[in-house]
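Following the hints, complete the assembly by docking chain B onto the known chain A.
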Amino acid sequence: MKKTAFNAIHHILGAKMVEYSGYEMPVQYKGINYEHETVRNNVGVFDVSHMGEISVKGKGSLELIQKITSNDASKLTPGKVQYSCMPNDTGGIIDDLLVYKISKNDYLLVVNASNIQKDFDWIKSCNSFGAEVSNISDSVSLLAVQGPKSVEVLQKLTDINVREMDSYTFTIGELAHIPNALISATGYTGELGFEIYVENKYAAHLWDAIFEAGKNEGIEPVGLAARDTLRLEMGYCLYGNDIDDFTSPLEAGLGWVTKFTKDFIHSGFLKIQKEKGTTKKLVGFEIKGKGIPRHHYEVLDENNQIIGSVTSGTMSPTLKKAIGMGYVSIENAKIGSEIFVNIRNRPVKAVIVKTPFIK
Amino acid sequence: MKIPENLLYTEDHEWVRLEKNTAYIGITDFAQRELGDIVYVEIETLGESLKQHEVFGTIEAVKTVSDLFLPLTGDILEINPKLEANPELVNSDPYGEGWMIKIKIANLFDVESLLRPDAYTCLIQL
Chain A
1 MKKTAFNAIH
11 HILGAKMVEY
21 SGYEMPVQYK
31 GINYEHETVR
41 NNVGVFDVSH
51 MGEISVKGKG
61 SLELIQKITS
71 NDASKLTPGK
81 VQYSCMPNDT
91 GGIIDDLLVY
101 KISKNDYLLV
111 VNASNIQKDF
121 DWIKSCNSFG
131 AEVSNISDSV
141 SLLAVQGPKS
151 VEVLQKLTDI
161 NVREMDSYTF
171 TIGELAHIPN
181 ALISATGYTG
191 ELGFEIYVEN
201 KYAAHLWDAI
211 FEAGKNEGIE
221 PVGLAARDTL
231 RLEMGYCLYG
241 NDIDDFTSPL
251 EAGLGWVTKF
261 TKDFIHSGFL
271 KIQKEKGTTK
281 KLVGFEIKGK
291 GIPRHHYEVL
301 DENNQIIGSV
311 TSGTMSPTLK
321 KAIGMGYVSI
331 ENAKIGSEIF
341 VNIRNRPVKA
351 VIVKTPFIK
Chain B
1 MKIPENLLYT
11 EDHEWVRLEK
21 NTAYIGITDF
31 AQRELGDIVY
41 VEIETLGESL
51 KQHEVFGTIE
61 AVKTVSDLFL
71 PLTGDILEIN
81 PKLEANPELV
91 NSDPYGEGWM
101 IKIKIANLFD
111 VESLLRPDAY
121 TCLIQL
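Residue numbers (UniProt numbering), protein chains in the order written: chain A, 1 to 359; chain B, 1 to 126.
Just chain A, with the same shape it has in the complex (with noise of 0.2 Å):
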C-alpha cells in the first residue's frame, strides 16, 4: 500500500487507517460528524496527497489537453482552474479533473487517485501533438484547508492575498516558508477552502505551521468519510461511485463542463446525446422513511419496478436527513417526483429534490 507523506502524523493523532484507491488513508481522526461540522463552521484540513498531478507542457500542450477534456481549456488564462471531464470513445467518462494553467504550454491536471495510470496512460495514447507529458504524482503533497476561516489561517502564513483569491484561481509562491507553493482556491466541500501543493519533502513543515496558524479558529484534520458527506450535500460527483466509464458527462449533470464549442474524444456522439436527450439522468433525492440509501441499492417506481440505482448515499449531517445521489430513467427524474429506494428488500419512499442539498 502507498503512503502520503503525511501517514506518521496520521497514525500519531490516532486516525483510523484505510486502503483507499491503493493508499493508506484516514477515513476519520475523531468522528465524522464532528469533522464534517468543523469543516462547515470552522476549517478542517484533508490530506488529499493521493490525488493524482500530471503535468502537460511544451508545443501542443492546448491542443492535447482540448482533444482528451471536455471543457474549453482555451478559455484559461494562466493563473485559472477549470473543472473538467475526460470522456472516454464509447460515451463514459475516463475522469472528471481541474486543469491549471501555469503559464504557456505548462499545464498541470489533478485527477483521482484511483485513476492515475489509467489516466496517463490514456493521455499519452492521445498525444499525437508532441507535449510533454509526465506523472508527477509521487512527488507532490497536497492538503485541502477548507471552511470559512480557512483563509484567516492562511493568510497568516503568506503575504500572498488569499482574501481577494476568487475562486477557482491559484497563485504560486512563498507559504510557511515554503517556496513555490501552489496556492489554490478550489476544494470539493462546498465551503471557502484552498488546495496546496507543495513537494513531498515540505509536507510535514506545512501540516505543522498549518495547524499551528489556526489552532485559535477551531482547526482540525478531517478524514474521506467527512470528505464523502461534505461533497456529497454538495450534489458533487464521486468518481467510481455517481461517474465512471460507463456514465455519460450529460447523463450526470455534466453538460456545464461539455462544451461542443471545440472538438473532443467522442464530441460527436455527446453532441448527439444532447440533442436526442438521454435516457437517464443523475438526480439526487431525499429519503422520507427510516434507512440510508447506499451504492448500488434499487431505485423502484410505485409499482415496484426498477427505474434506476443509487450512485451514493449518506445521512447528511448538516440536514440530518438520509439523501443520495443516483440514475433513474428520465420520465422518472423531475424534481419533486416520488420514487422508492430498495434499502434491504424494503422500499422506502424518497423525493427526488434540486441540488445542492444544502444552500
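What the hints contain is simulated information worked out from the structure, not anything from laboratory work. Be a bit skeptical, because a hint or two may be false.
What the hints assert, rightly or not - List time: in silico DSBU-like cross-link candidates among lysine-lysine, alpha-carbon distance up to 30 Å: (1) K51(B) x K290(A); (2) K118(A) x K201(A); (3) K2(B) x K30(A); (4) K2(B) x K349(A); (5) K104(B) x K16(A); (6) K82(B) x K290(A); (7) K57(A) x K290(A); (8) K274(A) x K262(A); (9) K288(A) x K334(A); (10) K259(A) x K320(A); (11) K320(A) x K104(B); (12) K354(A) x K288(A); (13) K102(B) x K51(B); (14) K30(A) x K82(B); (15) K82(B) x K51(B); (16) K67(A) x K57(A); (17) K75(A) x K290(A); (18) K104(B) x K349(A); (19) K2(B) x K82(B); (20) K321(A) x K82(B); (21) K290(A) x K20(B); (22) K16(A) x K2(B); (23) K82(B) x K320(A); (24) K288(A) x K82(B).
Claimed, not checked - Partner residues are not named here, just some residues of chain A that face chain B (Cβ under 8 Å, in silico): (25) Q28; (26) G31; (27) N33; (28) A225; (29) T229; (30) K290; (31) I292; (32) R294; (33) T314; (34) L319; (35) R344; (36) P347; (37) V351.
C-beta: ideal position from N, C-alpha, C; glycine also.
Frame of chain A; chain B shown alone:
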C-alpha cells in the same frame, strides 16, 4: 478500549450481560468505534424467537450498515426504547444506555460458547 470484566462477548463484537435466564445485549466499544457515528438502530424482532447467530436487527452508521447477530438462542423480550430517538447512545455508552435488546435465554448451555473478557481482548488485538 473498554472491555468490562462482568460481560461476555462474541466474535461478532456483541456483548452479553447475564441476569439469571435473561440477558441484555449490545455491541462493544470496539464495534462502535469501527462503525463510527451511528444514525439508526433498526430492530423489528420484538416478540420473536430467534436462534443463536441469526440476525436480530441492523445498525446504520454514516459510512456503513451492519447486521446484528443474536449471541444466544432466545426470545426477544424488549428493545431499548431510547435508541429510536438517540441512536448515538451506542457510540457514547455502548455498555450502558446504548444496550439494544433483552432476551429470554432458551438454553443456558449456549452461554458456554461466548467469549470471556480476556479472550475477547485477544481477539480484537489480533
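How the hints compare with the structure:
The straight-line distance between the Cα atoms of K51(B) and K290(A) is roughly 26 Å, inside the 30 Å bound, and the hint therefore holds. Only pairs whose Cα atoms come within 30 Å are accepted, and K118(A) paired with K201(A) is accepted, the gap being roughly 27 Å. Distance hint between K2(B) and K30(A) is fulfilled; the C-alpha atoms sit about 17 Å from each other, no more than 30 Å. With a C-alpha separation of about 39 Å, the suggested pairing of K2(B) with K349(A) is violated against the 30 Å cut-off.
Annotation: proposed proximity of K104(B) to K16(A) is violated, straight-line Cα distance about 37 Å (limit 30 Å). At roughly 16 Å between alpha-carbon atoms, K82(B) and K290(A) fall within 30 Å of each other, so this suggested pair holds. Note on K57(A) and K290(A): the hinted pairing is violated, with a Cα-Cα distance of about 52 Å set against a maximum of 30 Å. Taken as a hint, the K274(A) and K262(A) pair is honoured in the structure, with Cα atoms around 15 Å apart against an allowance of 30 Å.
Taking the CA atoms of K288(A) and K334(A), the gap is about 17 Å. The hint holds against a cut of 30 Å. The straight-line distance between the Cα atoms of K259(A) and K320(A) is roughly 37 Å, outside the 30 Å bound, and the hint therefore fails. With a C-alpha separation of about 35 Å, the suggested pairing of K320(A) with K104(B) is violated against the 30 Å cut-off. As the CA atoms of K354(A) and K288(A) are separated by approximately 15 Å, the hinted pair is consistent with the 30 Å bound.
For the given pair, K102(B) sits about 14 Å from K51(B) by alpha-carbon distance, which is consistent with the 30 Å threshold. Restraint check: the Cα-Cα separation between K30(A) and K82(B) comes to about 24 Å, which is no more than 30 Å; the hinted pair holds. Taken as a hint, the K82(B) and K51(B) pair is honoured in the structure, with Cα atoms around 25 Å apart against an allowance of 30 Å. Among the hinted pairs, K67(A) with K57(A) is consistent with the structure: their alpha-carbon atoms are about 15 Å apart, no more than 30 Å.
Pair hint K75(A) plus K290(A) does not hold up; C-alpha atoms about 46 Å apart against a cutoff of 30 Å. Simply put, K104(B) and K349(A) have alpha-carbon atoms about 35 Å apart, too far for the 30 Å limit, and the pair is violated. A C-alpha spacing of about 22 Å is found between K2(B) and K82(B), which places the hinted pair at or below 30 Å, so the restraint holds. Restraint check for K321(A) and K82(B): the C-alpha separation of about 19 Å stays at or below 30 Å, so the hint holds.
Taken as a hint, the K290(A) and K20(B) pair is broken in the structure, with Cα atoms around 35 Å apart against an allowance of 30 Å. A hinted pair counts as satisfied when its Cα atoms are at most 30 Å apart, and K16(A) with K2(B) qualifies at roughly 17 Å. A C-alpha spacing of about 18 Å is found between K82(B) and K320(A), which places the hinted pair at or below 30 Å, so the restraint holds. A C-alpha spacing of about 21 Å is found between K288(A) and K82(B), which places the hinted pair at or below 30 Å, so the restraint holds.
Below 8 Å, beta-carbon pairs count as interface contacts, and Q28(A) has one with chain B at about 6 Å; its hint therefore holds. For the restraint placing G31(A) at the interface with chain B, the shortest Cβ-Cβ distance is roughly 6 Å, inside the 8 Å limit, so the hint holds. The restraint placing N33(A) at the interface with chain B holds, with a minimum CB-CB distance near 5 Å, inside the 8 Å limit. A least Cβ separation of about 5 Å between A225(A) and chain B falls short of the 8 Å threshold, and the interface hint therefore holds.
The criterion of a C-beta within 8 Å of any C-beta in chain B is met by T229(A), whose closest approach is roughly 6 Å, and the hint holds. Taken as an interface hint, K290(A) checks out: its beta carbon lies about 6 Å from the nearest beta carbon of chain B, inside 8 Å. This hint holds: I292(A) has a C-beta 5 Å from the nearest C-beta of chain B, less than the 8 Å allowed. With a cut of 8 Å, the hint placing R294(A) at the interface with chain B holds, because the nearest CB-to-CB distance is about 7 Å.
The beta carbon of T314(A) is positioned within 8 Å of a beta carbon in chain B (closest approach about 6 Å), and the interface hint is therefore held. With a cut of 8 Å, the hint placing L319(A) at the interface with chain B is violated, because the nearest CB-to-CB distance is about 12 Å. A least Cβ separation of about 7 Å between R344(A) and chain B falls short of the 8 Å threshold, and the interface hint therefore holds. Below 8 Å, beta-carbon pairs count as interface contacts, and P347(A) has none with chain B, the closest being about 15 Å; its hint is therefore violated.
Violation of the interface hint for V351(A) is found here, the shortest Cβ-Cβ separation to chain B being roughly 19 Å, above the 8 Å cut-off.
The structure does not agree with the numbered hints 4, 5, 7, 10, 11, 17, 18, 21, 34, 36 and 37 stated previously, though it agrees with the rest.
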